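Asks: Sequence:
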Amino acid sequence: MRDFTPKGIAGAFQRGYYRYYNKYINVKKGSVAGVSMVLAAYVLFNYCRSYKELSEYS
3 MRDFTPKGIA GAFQRGYYRY YNKYINVKKG SVAGVSMVLA AYVLFNYCRS YKELSEYS
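Residue numbering for the sequence shown follows this note's numbering, starting at 3 and increasing by one per position.
If a hint is listed, it holds; no wrong ones were tucked in.
Across the chosen pairs, the derived CB separations fall in these ranges:
#1 Ser-57 to Gly-13: 36 to 42 angstroms
#2 Gly-18 to Arg-51: 20 to 26 angstroms
#3 Lys-9 to Ser-52: 32 to 38 angstroms
#4 Pro-8 to Ala-43: 22 to 28 angstroms
Calculated directly from the structure, the hints in this document are not laboratory data. On a predicted model such as this, the values are computed, not experimentally measured, just so you know. Where a beta carbon is used, it is the ideal one built from N, C-alpha and C, also for glycine.
Construct the complete structure from the given sequences, taking the supplied hints into account.
Replies: Spelled out as structure tokens, the structure:
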């Protein structure tokens, strides 16, 4: 059963972060895949946040 307490939710985020970090960032033969995924998510997040303002100019 899943733990929906604040401690359980924080633990889930921590496990997700460590899985991502160990899979894409902390590798012996690294590539730009992990960093580029974070950059793409950042760009997409900012585009979605400002979509209403950008669509007014079209």
